[in-house]
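Everything in the sequence shown is counted per our numbering, starting at 1 for the first residue and increasing by one.
The set of hints was computed from the structure by calculation and includes no laboratory data. Nothing here was measured: the structure is a model prediction, and the numbers come from that model. One or more hints might be untrue.
To be verified - Derived lysine-lysine pairs resembling DSSO-like cross-links, with alpha carbons at most 30 Å apart: (1) K17 x K40; (2) K2 x K42; (3) K17 x K2.
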Amino acid sequence: MKGPIGLVRSLSIPEYKNVSPLFEWQDADTYLIIDEVLYKGKSGVIH
């Protein structure tokens, strides 16, 4: 994937873990992705 999600899913951010995708939608080059994540031991989501 292109754009910011490519960096987020690349596993190159220290202390960051992608737990699971919660929602994914794509239409041509447009997408919306919501992932459950852990960063420095704290849970959250990225969209």
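We went through each hint and held it up to the structure:
Among the hinted pairs, K17 with K40 is consistent with the structure: their alpha-carbon atoms are about 9 Å apart, no more than 30 Å. Proposed proximity of K2 and K42 is supported: the alpha carbons are some 26 Å apart, at most 30 Å. For the hint linking K17 to K2, the alpha-carbon distance of about 19 Å falls within 30 Å, and the restraint holds.
Hint violations for this structure: none, all hints satisfied.
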